[in-house]
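If you follow the hints, you should be able to join the two separate chains into one complex; please do so.
One line per chain: the protein sequences are A and B, in this order. The first sequence begins at 1 in our numbering and counts up one residue at a time. The second sequence begins at 1 in our numbering and counts up one residue at a time.
One or more hints might be untrue.
Said to hold, decoys possible - Stretches of chain A that chain B covers, calculated by requiring three or more beta carbons in the stretch to come under 8 Å of a beta carbon on chain B:
{"id": "1", "segment": "8-16"}
{"id": "2", "segment": "147-155"}
{"id": "3", "segment": "192-206"}
Claimed, not checked - When the alpha-carbon atoms are kept at most 35 Å apart in a straight line, the in silico DSBU-like pairs for lysine-lysine are as follows:
{"id": "4", "chain 1": "A", "residue 1": "K144", "chain 2": "B", "residue 2": "K95"}
{"id": "5", "chain 1": "A", "residue 1": "K210", "chain 2": "B", "residue 2": "K95"}
{"id": "6", "chain 1": "A", "residue 1": "K62", "chain 2": "A", "residue 2": "K210"}
{"id": "7", "chain 1": "B", "residue 1": "K140", "chain 2": "A", "residue 2": "K89"}
{"id": "8", "chain 1": "B", "residue 1": "K140", "chain 2": "A", "residue 2": "K43"}
Hints in this document: simulated from the structure, not taken from any laboratory. Note that CB positions come from ideal geometry on N, CA and C, so glycine has one too.
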Amino acid sequence: MSINRRQFLRRAGIVTALGLGGSFAITGLRGKVVEAAGEAGYKTSENALEAKHWAMVVDMSKFKSEDDFKRVTESCVSIHNIPDFGNPKDEIKWIWEDDYEHTFSGGDNEYLTESFKELPFTVMCNHCENPPCVKACPTGATFKRPDGIVDMDYHRCIGCRFCMGACPFGARSFNYRDPRPFIKKTNPDFPTRTPGVVEKCTFCVERLAKGQMPACVEASNGGLIFGDLDDPNSEVRKIVSSKFTIRRKTDLGTQPSVYYLVGGEDHA
Amino acid sequence: MYKGGKIIVGLVIFLAFLTFPFFYNMGKANAGPENLDANLKQAADSQCVEPADYMRNNHMQLLNQWRQAYVRDGLTEYTNSQGKTFEINIDTCTKCHSTGAASNTSGVSNPAVNEVGVSNPAVNTSDQFCVSCHDYASVKPTCWSCHSEPGGATK
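Looking at chain B on its own, in the form it has when it is part of the complex (with noise of 0.2 Å):
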């Protein structure tokens, strides 16, 4: 091989360097969320709005439903699978799905980190319920850019 030596250095530098966050982080697991019904206000065996299950995989999806029925079709309630109904709200999430702790409208209490350009001066000081997977999963939603903080809602 024409400087077959410089050409397998040069691959085991790349490979080195390629590889290299996966070696620094060896064996350094990122503690994944724990105890979030911790964070619940409710009752950890009361039901959220689907199952437990549905909800873990398939809440963004449920969350965008809610969204296009409520701004777009009009529609304010949902009937879930056992036939129970729920105002389309995001209040209906935070109403279980937060601490209740230190709420106020400068972000204190966001239960999802929020960095995208706009002035919450506290975000991710939060444990909250969000935040404690979406940290994890490195998932910024912009939710609360504009909705109002668990607590506020005066319902």
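So here's chain A without its partners, still in its complex pose (with noise of 0.2 Å):
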């Protein structure tokens, strides 16, 4: 039993025509489907704060006590879950307390005395307008979105940390270890993190989109400012415009969207 070549072109073209066609239908059959359900829409809630460009003014002279900056801190860990393992190499942090030196080090003048280098001050992510954490994502997991917020997308997160080296702030955490045991009091309406997985404050993207301040600009008694930077009109616009701030490490050229007011006087 033997076929010629021409039996053999002949089978085979049959073949294929089989193969492709039957696929074509498929495919076809499946895109039916898959319109059917494309009239929905998605959009955002009708009470959601939206902006150009979302920043933060931090006015260090309402952050006077060992408490301001608790509270602040507090706000944060209670709302998004974070995990207290209790030791400083797995730690989690969101929002927290520095020391000037390691705030804003760089600029430094060798004659600051100890106790100004150890003056505290609130640092967070910076939402930096060039984030080279969202350069250094080899999976899109850490984004900016249109209105400046540079978001974690925790699914997916592979636990590279290449943002982490990337970050020259360390606004960016990793989970070394299971977090759900280390939660002091879990918050149903926000997930918890896995082992693996790169966590950051996000400016609360899940409290604007309810059309809700950042949990620590509620907790912070007029000490953190939040507002759009694109709006002339805005709080914080007019704040950083007409007031002496500064921003961390702007050397850099990341461009943080996080001021630091440290006039001591009252603003706007």
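Okay, structure coming up:
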């Protein structure tokens, strides 16, 4: 039993045509099924707070006592299910307290007293206009939203930690261990994280979507001012354009969206 | 055929191994998921986000679209094919799709199996909505390793 070249080619042609035709037919059917649900739509909530460039001003004159720092940090910890592992190596930080020397490192003058270097500052993710973490992320798990917020998609994070290396502010923390047992009180309205995922401050995107200000802003008694930097009438814009504010590590060119008002007097 | 006998015996043994699972399980059909409506908090005639048939076939695509819309595009509301609007949230699902029994944060009422390296001490004990099909289909979604179990939501 043998076939000649002509027969072989003919049979091969028939099989190919059947295969291709079949797959086209199936794809076409599937397309129709998907179209059936295509009329559905997605939109933002009517209450949602929207902006072109969310930014924050930290008014250091309102952070006087240890309690002012703690209240702000606690408000974030409690709603975002941030675990407390009890050791600095595994620590998960969204918003925390650091000293002057580490917050504004770089342009030090050598005669600063120790007490000045140890002045406390509230620090968090700077939601840079030019975020190095987003460039470093190989999966797009961290991304910049059109409103300026650098957000995290935990579903896509593979735990490579490139973003942690790329961030000059140490604003990203890695879950080396399962966080769930270390959450003091779980907030059921916000997901926890799994081991192997990086997390950070997201300017409370889930609260902005519902029309609420970020939790730390609410808890800060005016110490944190949040708004649209693109809006000339917003409070943050007025402060940033008329008062002396500083940002962290501007020489790196990441263009942080968190400004520190250090003048001490009352703002507009 | 050179050493034909041995080859044929070898082939028979090979085929026996290959088909062993089929013969072993023959006639022992695994019971499919039944009585799913019993795991619904709402009346069976009220409609899901989309019609039940559509949801049965496409809920995973819809969940992926919801995730994309909420997390990445910042769109938090979904209007279905009948014009009804839903909040994009996993709680929107679990409001109905759970028996609501014994809910706590240790995972007792997980509606889906989750065995992927996280500390849920009581996984796999649920007879709830997702799990009844997902166990049968041997599909193990990891939703509940981060998201709260039904009954946890305050809304």
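To see whether the hints hold, each was checked on the structure:
1. 8-16: violated (count 0)
2. 147-155: holds (count 5)
3. 192-206: Since 5 is at least three, the answer is holds.
4. A:K144 with B:K95: holds (32 Å)
5. A:K210 with B:K95: This hinted pair holds, its Cα atoms lying about 19 Å apart.
6. A:K62 with A:K210: holds (27 Å)
7. B:K140 with A:K89: holds (32 Å)
8. B:K140 with A:K43: Cα-Cα ~30 Å, so holds.
When held up to the earlier numbered hints, the structure conflicts with hint 1 and nothing else.
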